[in-house]
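Asker: Each chain is listed here by its residues.
2 protein chains.
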Amino acid sequence: MEKLSIIKIGGNIIEDETSLNAFLKLFSNLEGHKILVHGGGKRATHIASKLGIKSKMINGRRITDAETLEVITMVYGGLVNKNVVAKLQALQVDAIGLTGADINSIKSDKRPVKDIDFGFVGDVKKVASNSIDKLIQADFTPVFCAITHDGNGQLLNTNADTIASTIGVGMSDIYETSIYYCFELNGVLQDFSDKNSVIKNINTNSYKELLDAKIITDGMIPKIDNCFDALNNGVQKVHIGNTAMLTKENDNFTTITL
Amino acid sequence: MEKLSIIKIGGNIIEDETSLNAFLKLFSNLEGHKILVHGGGKRATHIASKLGIKSKMINGRRITDAETLEVITMVYGGLVNKNVVAKLQALQVDAIGLTGADINSIKSDKRPVKDIDFGFVGDVKKVASNSIDKLIQADFTPVFCAITHDGNGQLLNTNADTIASTIGVGMSDIYETSIYYCFELNGVLQDFSDKNSVIKNINTNSYKELLDAKIITDGMIPKIDNCFDALNNGVQKVHIGNTAMLTKENDNFTTITL
Numbered sequence: 001m002e003k004l005s006i007i008k009i010g011g012n013i014i015e016d017e018t019s020l021n022a023f024l025k026l027f028s029n030l031e032g033h034k035i036l037v038h039g040g041g042k043r044a045t046h047i048a049s050k051l052g053i054k055s056k057m058i059n060g061r062r063i064t065d066a067e068t069l070e071v072i073t074m075v076y077g078g079l080v081n082k083n084v085v086a087k088l089q090a091l092q093v094d095a096i097g098l099t100g101a102d103i104n105s106i107k108s109d110k111r112p113v114k115d116i117d118f119g120f121v122g123d124v125k126k127v128a129s130n131s132i133d134k135l136i137q138a139d140f141t142p143v144f145c146a147i148t149h150d151g152n153g154q155l156l157n158t159n160a161d162t163i164a165s166t167i168g169v170g171m172s173d174i175y176e177t178s179i180y181y182c183f184e185l186n187g188v189l190q191d192f193s194d195k196n197s198v199i200k201n202i203n204t205n206s207y208k209e210l211l212d213a214k215i216i217t218d219g220m221i222p223k224i225d226n227c228f229d230a231l232n233n234g235v236q237k238v239h240i241g242n243t244a245m246l247t248k249e250n251d252n253f254t255t256i257t258l
Numbered sequence: 001m002e003k004l005s006i007i008k009i010g011g012n013i014i015e016d017e018t019s020l021n022a023f024l025k026l027f028s029n030l031e032g033h034k035i036l037v038h039g040g041g042k043r044a045t046h047i048a049s050k051l052g053i054k055s056k057m058i059n060g061r062r063i064t065d066a067e068t069l070e071v072i073t074m075v076y077g078g079l080v081n082k083n084v085v086a087k088l089q090a091l092q093v094d095a096i097g098l099t100g101a102d103i104n105s106i107k108s109d110k111r112p113v114k115d116i117d118f119g120f121v122g123d124v125k126k127v128a129s130n131s132i133d134k135l136i137q138a139d140f141t142p143v144f145c146a147i148t149h150d151g152n153g154q155l156l157n158t159n160a161d162t163i164a165s166t167i168g169v170g171m172s173d174i175y176e177t178s179i180y181y182c183f184e185l186n187g188v189l190q191d192f193s194d195k196n197s198v199i200k201n202i203n204t205n206s207y208k209e210l211l212d213a214k215i216i217t218d219g220m221i222p223k224i225d226n227c228f229d230a231l232n233n234g235v236q237k238v239h240i241g242n243t244a245m246l247t248k249e250n251d252n253f254t255t256i257t258l
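Protein chains in written order, with UniProt numbering: chain A, 1 to 258; chain B, 1 to 258.
Keep in mind that a hint or two might mislead.
The list cannot tell twin chains apart, which means a pair is met if one copy fits it or any two copies do.
In silico DSSO-like pairs for lysine-lysine, Cα to Cα no more than 27 Å straight-line [as the list claims (entries may be wrong)]:
| # | residue 1 | residue 2 |
| --- | --- | --- |
| 1 | K42 | K54 |
| 2 | K107 | K25 |
| 3 | K208 | K126 |
| 4 | K25 | K114 |
| 5 | K25 | K56 |
| 6 | K25 | K126 |
| 7 | K125 | K25 |
| 8 | K134 | K200 |
| 9 | K50 | K126 |
| 10 | K25 | K110 |
Bear in mind the hints are in silico, worked out from the structure with no lab data behind them.
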């Protein structure tokens with residue numbers, strides 16, 4: 001099986017031109033087949049507020065009404081995605097920007113209304129790995145933004161971490177797949193006050209111990225649960241760290257395996 | 001040689017949900033290989049004005065400054081393009097939305113500053129017909145918006161009619177290519193006050209006569225000159241009319257050949 005790397009970047013890199021350019025340079029040097037997944041974050045909030053659209057939050061979670069979905073489609077699918085593609089082309093990466101609607105790559109279901117109506121938010125149902133692979137086989141590098149569709153003409157806002165993990169699961173039928181989650185920290189930390197206390201390896205057993213010892217807590221738990229979901233469904237390895245983990249010299253990041 | 005149809009739609013169809021849906025239905029029923037090219041028009045002006053960006057015009061032509069380019073990237077590349085792709089997927093067309101930066105498909109040069117600085121406007125230099133053909137051969141239907149790039153990371157605003165004609169010229173190395181320009185009128189008119197006075201066929205000779213007789217005037221001249229440019233560079237036929245020309249029953253439109 002050939003190898004495929006899926007790299008997910010978040011708002012902290014997207015927002016800052018210097019960080020973005022530095023990251024894209026690293027990404028362009030990465031060997032082998034690769035897919036980029038990006039969010040959009042604060043840029044969407046900023047443009048929404050300029051357009052007089054208030055971000056609606058319930059229990060700390062953003063609600064995607066019709067107006068907000070329009071802004072997300074403009075910012076994630078247009079502004080961020082197309083500028084990233086143009087920058088990658090300048091670095092000789094033959095990038096192609098995609099939402100889940102393009103080539104029907106990621107179909108999702110609009111989240112059912114229970115206690116909260118999240119609006120136009122999609123939970124991923126199906127990744128068209130064969131269609132995505134046609135692009136890879138044509139030597140194109142897919143760049144996904146955090147938008148999917150329901151197959152009936154409706155675009156849906158979808159968490160970028162989930163997009164990375166579900167693409168990873170889908171592609172692992174065809175490739176030996178690794179996911180790299182880039183964030184602000186060097187990795188999962190043993191001691192949150194020491195940014196160099198990176199836990200280099202986590203597996204199913206050590207994860208249980210880290211949870212019991214309350215070393216991994218709060219917001220990190222759903223992130224790592226999401227990683228184990230991917231690993232349990234075919235993904236080979238998941239890496240968490242800052243963008244320097246994409247260089248061969250750096251091994252100061254967290255690798256999660258089963 | 002296999003046949004390829006390139007269909008260009010303008011603002012009048014994009015702006016109106018009912019017209020757009022009706023058009024996309026016709027497009028989905030069109031047999032053979034096809035490419036869609038769309039502008040964005042008033043929607044961009046509308047969102048720009050909401051964002052407090054004034055449209056700058058010199059001699060009746062829009063200037064694309066950095067802020068305007070951002071809006072165009074959001075509206076053409078995101079909002080319009082991705083909604084069209086999602087709607088086509090619902091009609092079982094395996095669409096893929098593109099700017100000229102994606103797969104390096106359309107490279108352009110920033111228009112040199114002479115009397116007027118048009119800003120971030122691109123004049124098409126090179127169409128990557130082989131890369132576009134990889135998508136077609138993979139059974140994907142390309143949907144282009146009116147944005148190109150310079151290969152150095154800069155997106156550029158480019159006239160959608162020109163995008164359609166230059167893609168047509170590029171693809172005519174591989175396919176027997178026809179271009180369909182959809183607009184409000186039934187075709188090129190003999191008598192502008194009679195919307196049914198469609199001139200069904202124009203060729204190089206009859207065009208000269210129509211110009212001499214001042215039957216074709218004003219804004220229609222650069223449009224038809226652009227068609228002859230395409231025909232002189234490999235495109236087989238150019239059709240001008242309303243979207244009904246995509247149905248087999250209707251022959252009330254203008255066909256231009258050499």
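Asker: Against the structure shown, which of the earlier numbered hints fail to hold, in ascending order?
Answerer: 3, 4, 5, 8 and 9
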